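Q: Produce the entire structure from the sequences given, and follow the hints as far as they go.
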Amino acid sequence: MSDVPEAITQVHHEQWARVVAALTRRFGDLDIAEEAAAEAFATAVERWPADGVPPNPGAWLTTTANHKAIDRLRRESKRDDKHKEAQMLSADEPPEPLGVVDDQRLRLIFICCHPALAMETRVALTLRMVGGLTVPEIARAFFVQETAMGQRITRAKAKIKAARIPYRVPSAEDLPARVSGVLAVLFLVFNEGYLTTGSGSDPVRQDLTAEAIRLARLIRALLPQDGEVAGLLALMLLTEARRTARISATGELVSLDEQDRGAWDAALISEGHQLVRERLATGVAPGRYQILAAINAVHTSARDVRDTDWSQIVALYDQLVRIDPSPIVAMNRAIAVAELDGPEVALAAVDRLEGSLAGYHAYHATRADLLRRVGRSEQSRAAYDKAIELTGNTAETAYLARRRDQLG
Amino acid sequence: MQYFVSVIDDRSNSGTPDEMVAIDAFNDRLQADGHWVFAAGLSDPSTATVIDNRGGEPLFTDGPFLESKEFLAGFWIIEAPDLDVALKLAAEGSLHCNRKVEVRPFL
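As they're listed, the protein sequences go chains A and B. Here my numbering is used: the first residue of the first sequence is 1, the next is one more, and so on. Here my numbering is used: the first residue of the second sequence is 1, the next is one more, and so on.
Worth flagging that the hints you see were computed from the coordinates, not collected in a lab. Since this is a predicted model, take the numbers as computed values, not measurements. Check before you lean on any hint, since a few could be wrong.
As the list claims (entries may be wrong) - Here are some of the chain B residues that sit facing chain A, going by a computed Cβ distance under 10 angstroms: (1) Met1; (2) Asp82; (3) Leu83; (4) Ala86; (5) Leu87; (6) Lys100; (7) Val103.
To be verified - Here are the simulated DSS-like cross-link-like pairs (lysine-lysine), alpha carbons at most 25 angstroms apart as the crow flies: (8) A:Lys68 with A:Lys161; (9) A:Lys68 with A:Lys78; (10) B:Lys100 with A:Lys159; (11) B:Lys100 with B:Lys88; (12) A:Lys161 with B:Lys69; (13) A:Lys159 with A:Lys68; (14) A:Lys161 with B:Lys88.
We put the beta carbon where it would ideally sit given N, CA and C, even for glycine.
A: Below is the structure:
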């Protein structure tokens, strides 16, 4: 029975969103759904070590959670009004069978990523309701107080209920606009995991990157024709593939050119490349995530950094600049330009971005590297100092400090 | 389910003739589609009076309860099954009256 805790963890990972989604559908209330799901998992932790893991853990949890929810409504209806009782009665219908394509979870994602909620609330709510992360975990991931995060989630659930945000996948005409919001949430979750902000924390939060990938896979399974969904999934896979090579044994960030490419995850790379090729074959003009995925596909195609096809990377950035002319894209393009046309040209391009990026650590880190390469050590040192001051990531701080101290 | 759609403006009764035509057409559609409950424009906040009768003796204060550059200049009360429908109608309302609007559900 020693593997029961492990089984519970795995079931939690696989079934949490399914249970919450089934209960949300049945009771039309996120609060009840979430509490009942949490209670059902707590019951599983109590009982399964003695009784064994049931043959269909998902069904067991959904049934248990349903009973918990009905108990709660019964208690409330005794105290409260009769209309709660009506809700309780309708809850006695048998639950819908869970199909292969479980669009209840997708509905849950869309309710959590509703445009009437603030972006940071969407991220928090998605992690709680769909990802099953606890409030303290989410608070830690985003470096806010637990009580503040709890209040944010509570307020969001209250707004969903009071304003009657519908529990459904948006209609076909609204879907493209709404999917982009969902993808933005998943990308934020992923990036927070990939370069965790705030000192004193793990530089990488694999739970967050894994969760973002899992949710992206889910959306991909349900919207297989959506190019940007495929693009974001590919981008995440190709980024995640390099995760273990990205932090050294001493906890220092390892830059792309210095990474041990043998340590990259070949299976994730192959899956990412497959998605990128699939999108290219459609001939449909790519969006932002597809272009970023293609850039990462070029990087991960080179077995040695010297074999990187920089002209193709710059061409992809040119494409990206046309649809997203933001200073950050311009900066990343300049980094590729440095490899193609030399650091002086890149430095001139990066210097022009100072007005908009002066508060961004990566801007100073990029400048520091370019200044180092053109031999302007003093200015490079100052730029490293500024980057160190602005970054919150422990591995990045270690990397920048070492590069700075290597300056002649 | 009813929603209160407030129209936010920094002037009162500032609609142009074109805007009034657009608003009338939008109102007709709200009525035809069963979303209409009520709508109205409001006089300038300077015409408001705040009354406090909690102490037994009504106290009248000249002016609005909140002084602000932007204020409630008018509103729609609409009937919609959920927030998505309400938001869509409010977005059309904003377009037709050429003002910012805020949506709030009734309790």
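Q: So, for every hint listed, does it hold in this structure?
A: Outcome of the hint check:
{"no.": "1", "hint": "Met1", "result": "holds, 5 angstroms"}
{"no.": "2", "hint": "Asp82", "result": "holds, 4 angstroms"}
{"no.": "3", "hint": "Leu83", "result": "holds, 5 angstroms"}
{"no.": "4", "hint": "Ala86", "result": "holds, 8 angstroms"}
{"no.": "5", "hint": "Leu87", "result": "holds, 7 angstroms"}
{"no.": "6", "hint": "Lys100", "result": "violated, 15 angstroms"}
{"no.": "7", "hint": "Val103", "result": "holds, 8 angstroms"}
{"no.": "8", "hint": "A:Lys68 with A:Lys161", "result": "holds, 20 angstroms"}
{"no.": "9", "hint": "A:Lys68 with A:Lys78", "result": "holds, 16 angstroms"}
{"no.": "10", "hint": "B:Lys100 with A:Lys159", "result": "holds, 21 angstroms"}
{"no.": "11", "hint": "B:Lys100 with B:Lys88", "result": "holds, 14 angstroms"}
{"no.": "12", "hint": "A:Lys161 with B:Lys69", "result": "violated, 32 angstroms"}
{"no.": "13", "hint": "A:Lys159 with A:Lys68", "result": "holds, 24 angstroms"}
{"no.": "14", "hint": "A:Lys161 with B:Lys88", "result": "holds, 18 angstroms"}
Going through the hint list in order, the structure does not satisfy hints 6 and 12.
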